[in-house]
Amino acid sequence: MTYRTFEDDRAMHRARRDRRAPYPGGAALAAGIGLMLLGGLAAQRYAGRQQERRPADSAPGRTARQSRHGRYAVTGRSVTINKPRQEIYAFWRDFSNLARFMENVESVHEAGDLSRWTIAAPMGHAVEVVTRIVQDRPGEEIAWRSTEESDIDTEGKVMFRDAPEGRGTVVEAVIAYRPPMGELGRILAKMFQAEPGLQARRDLKRLKMLLETGEIATNRNRNDG
Amino acid sequence: MRALTFHGSHDVRVDTVPDPEIVNPRDAIIEVTSTAICGSDLHLYDGVIPAVQKGDILGHEFMGRVVDVGSGSTLKKGQRVVVPFTISCGQCFHCKIQQFSACDNSNPAEKQELTEPLFGHPVSGLFGYSHLTGGYPGGQAEYVRVPFSDVGPIVVPEGMEDDEVLFLSDILPTGWMAAENAEITAGDTVAVWGCGPVGLFAVQSARIMGAHQVIAIDHHPRRLELARQMGAKVIDYSQTHVLEALMEMTGGIGPDAVIDAVGMESHGFAPDNILDSVKQKVGMGADAPHALRMAIMACRKGGRISMPGVYGGFADKFPLGALMEKGLQLRTGQTHVQRYTHDLMRRIQEGEIDTTFMISHRLPLEEAPRGYHNFKENQNDWTKVVLKPGMAV
Chain A
32 MTYRTFEDDR AMHRARRDRR APYPGGAALA AGIGLMLLGG LAAQRYAGRQ
82 QERRPADSAP GRTARQSRHG RYAVTGRSVT INKPRQEIYA FWRDFSNLAR
132 FMENVESVHE AGDLSRWTIA APMGHAVEVV TRIVQDRPGE EIAWRSTEES
182 DIDTEGKVMF RDAPEGRGTV VEAVIAYRPP MGELGRILAK MFQAEPGLQA
232 RRDLKRLKML LETGEIATNR NRNDG
Chain B
476 MRALTFHGSH DVRVDTVPDP EIVNPRDAII EVTSTAICGS DLHLYDGVIP
526 AVQKGDILGH EFMGRVVDVG SGSTLKKGQR VVVPFTISCG QCFHCKIQQF
576 SACDNSNPAE KQELTEPLFG HPVSGLFGYS HLTGGYPGGQ AEYVRVPFSD
626 VGPIVVPEGM EDDEVLFLSD ILPTGWMAAE NAEITAGDTV AVWGCGPVGL
676 FAVQSARIMG AHQVIAIDHH PRRLELARQM GAKVIDYSQT HVLEALMEMT
726 GGIGPDAVID AVGMESHGFA PDNILDSVKQ KVGMGADAPH ALRMAIMACR
776 KGGRISMPGV YGGFADKFPL GALMEKGLQL RTGQTHVQRY THDLMRRIQE
826 GEIDTTFMIS HRLPLEEAPR GYHNFKENQN DWTKVVLKPG MAV
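Same order as they appear, the protein sequences are chains A and B.
So in this note's numbering, the last spot in the first sequence is 256, and the numbers never skip.
So in this note's numbering, the last spot in the second sequence is 868, and the numbers never skip.
Check each hint, because a few of them may be wrong.
Said to hold, decoys possible - Covered stretches of chain B (in silico footprint by chain A; criterion: 3 or more residues with CB under 8 Å from a CB of chain A, positions within the stretch not fixed): (1) 498-504; (2) 566-580; (3) 641-648.
Stated by the list, open to error - Not the full set, but computed from the structure, chain B residues with beta-carbon under 7 Å of chain A: (4) Pro493; (5) Gly610; (6) Tyr611; (7) Arg620; (8) Gly727; (9) Gly826.
As the list claims (entries may be wrong) - Label pairs and their in silico Cβ distance ranges: (10) A/Gly155 with B/Arg806: 49 to 57 Å; (11) B/Asn855 with A/Glu137: 53 to 61 Å; (12) A/Arg168 with B/Lys801: 52 to 60 Å; (13) B/Arg806 with A/Asn128: 37 to 45 Å; (14) A/Arg168 with B/Gly547: 30 to 38 Å; (15) A/Glu196 with B/Thr807: 24 to 32 Å; (16) A/Pro115 with B/His485: 50 to 58 Å.
Quick caveat, the hints were computed from the structure, so don't treat them as lab data.
Since we're looking at a predicted model, the values are computed, not measured.
Yeah, the Cβ is synthetic: ideal placement off N, Cα and C, and Gly gets one too.
Make a model of the complete structure from these sequences and hints.
Here is the structure:
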């Protein structure tokens, strides 16, 4: 099938209707927290479109005051990085690099067209997510979706486009996920600072630091502290 | 190592803490030979800057000897360097256009979230100046870890004393940028509020940039005398109506440019200021901009306001009408230190700028708490305190 972005959340909702939440109860919470997982990733959406009969503005849907996207939480973030588009694409496309700047991602191993993510969750738990690339346009876009065997139901994409006048590249990451335990799970994850929106924001900043300066800023005074 | 740490409002102590080490490739470790207490450190001391934690090492004016370098540093062990208080990567959009204090990459990602809600954007990392600016351990210590050491530190030429070059770390470039932001042209009168170290360097810089007259405003006789030595006319606000005097001293026009070198903790027995300081004490408002209000009222129509003074929050009773109706321009910001260090080093070497005249006290690091107390409480006599970790107690 063709990869579908989230311009129409009803379509996405339909596509997922039969799937059941992978985890109930406490395990789901751990999964939700680990879910930040795909950390910096995210999925474009379109929201608030039905709230009033007025023409759509130019802003991304995820910035709408009211958003509706079924059981999925959708979040995203843009960052401008002072490096060429192809270079950033290539860095991201090698998924083993992602653990270098995604705080809670312990490792990503690629096997064929699948990638297995190990994501740290609170209290020593780990969450496993297996994703399949559903779109790969070199220098422009990478999109992925979780498979049935994953602990979390999620999809996301990252897009690359030239910033104006030689200012580098705009990297836009969007992620959609179904929070275990619904809205409550999302709030709990946010309390543990593992909510994907929050994590995406931080992880993209770390990506920018790593690519622009070769290191990630820290105020630590020692390697053990 | 020994280091000056924050324990609470008006409570700083010299403690023993772990030595820093190289963490990132571009780091260097500096053994501090001289470090100063800045007027802006008094805002931390007074507890009016948020996000300062117990145990934080303070200090952002420091210099010393390189004792260790990471693989990406361009410094060499043994070099003497002065370190800018702004931490800048040198490679982001802002650093490339010399807006070093707006660096995108020096404030750790999780710390950036503290300033985003407060200021709309994260700000750059600074040494020893709260977790809003990264929570980096500061320079009032025996050793400091300096990130991006290939960008910030400036190597001290042979034969120059610490006291001659130490202030390149902050107050000299800050005073210089304050004068630059005043956009001085021939015939201009520049009025400077506050004769602390930044105000005094602003006076000196404004003279060098060709101001016709510089008028300095304070109430400490000793500080006014230092301003006079630097070529300023002076107004003692405790005995003179400042606005009237400024009009009379400029032929009824007002100063062409005004500089607020006071910041968020203005003194003065004026109704607005009393209310501001009460609000500050009870946590209702961070800034007490009495001097800035007066500067805006004094400035001539179409004039310029330069604001090197530090503010951290919100102000009220702000004369927005005067700003708009008189068509004033306001320029401000944390100093883009690295933009100025080489030029200012040359001017010091050539004897054009005097950097030592304001130093009133040199103390061992162990006596830093006494330095803070007196710099705060005895401002007339304690005009600038330099701490020397190597000095015998």
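How the hints compare with the structure:
Coverage of a stretch by a chain is defined here by at least three residues with a beta carbon nearer than 8 Å to that chain's beta carbons; for the segment 498-504 of chain B and chain A the count is 4, and the condition holds. For a cut-off of 8 Å, the count of residues in the segment 566-580 of chain B with a CB near a CB of chain A stands at 6, and the three-residue condition holds. Coverage of the segment 641-648 of chain B by chain A is violated. Counting CB-CB distances below 8 Å, 0 residues qualify, and the rule asks for three or more. The closest approach between the C-beta of B/Pro493 and any C-beta of chain A is roughly 6 Å, which is under the 7 Å cut-off, so the hint is satisfied.
Given the 7 Å rule on beta carbons, the hint for B/Gly610 holds: about 5 Å separates it from the nearest Cβ of chain A. Restraint check, B/Tyr611 versus chain A: the minimum CB separation of about 5 Å is within 7 Å; hint holds. A hinted interface residue such as B/Arg620 counts as satisfied when its beta carbon comes closer than 7 Å to some beta carbon of chain A; here the least separation is about 5 Å, so the hint holds. Interface restraint check: B/Gly727 against chain A, minimum CB-CB distance 47 Å, threshold 7 Å, status violated.
A cut of 7 Å between beta carbons decides the hint on B/Gly826: the least distance to chain A is about 38 Å, and the hint is violated. Checked against the hint of 49 to 57 Å, the C-beta distance between A/Gly155 and B/Arg806 comes to roughly 52 Å, which is consistent with it. The given range of 53 to 61 Å is respected by B/Asn855 and A/Glu137, whose C-beta atoms sit roughly 59 Å from each other. Between A/Arg168 and B/Lys801 the beta carbon distance is about 55 Å. The supplied range of 52 to 60 Å therefore holds.
Between B/Arg806 and A/Asn128 the C-beta distance comes to about 42 Å, which sits within the given range of 37 to 45 Å. At about 34 Å, the CB distance of A/Arg168 to B/Gly547 agrees with the hint of 30 to 38 Å. One distance hint, 24 to 32 Å for the beta-carbon pair A/Glu196 and B/Thr807, holds here, with the actual separation near 26 Å. The beta-carbon spacing between A/Pro115 and B/His485, approximately 52 Å, falls within the hinted interval of 50 to 58 Å.
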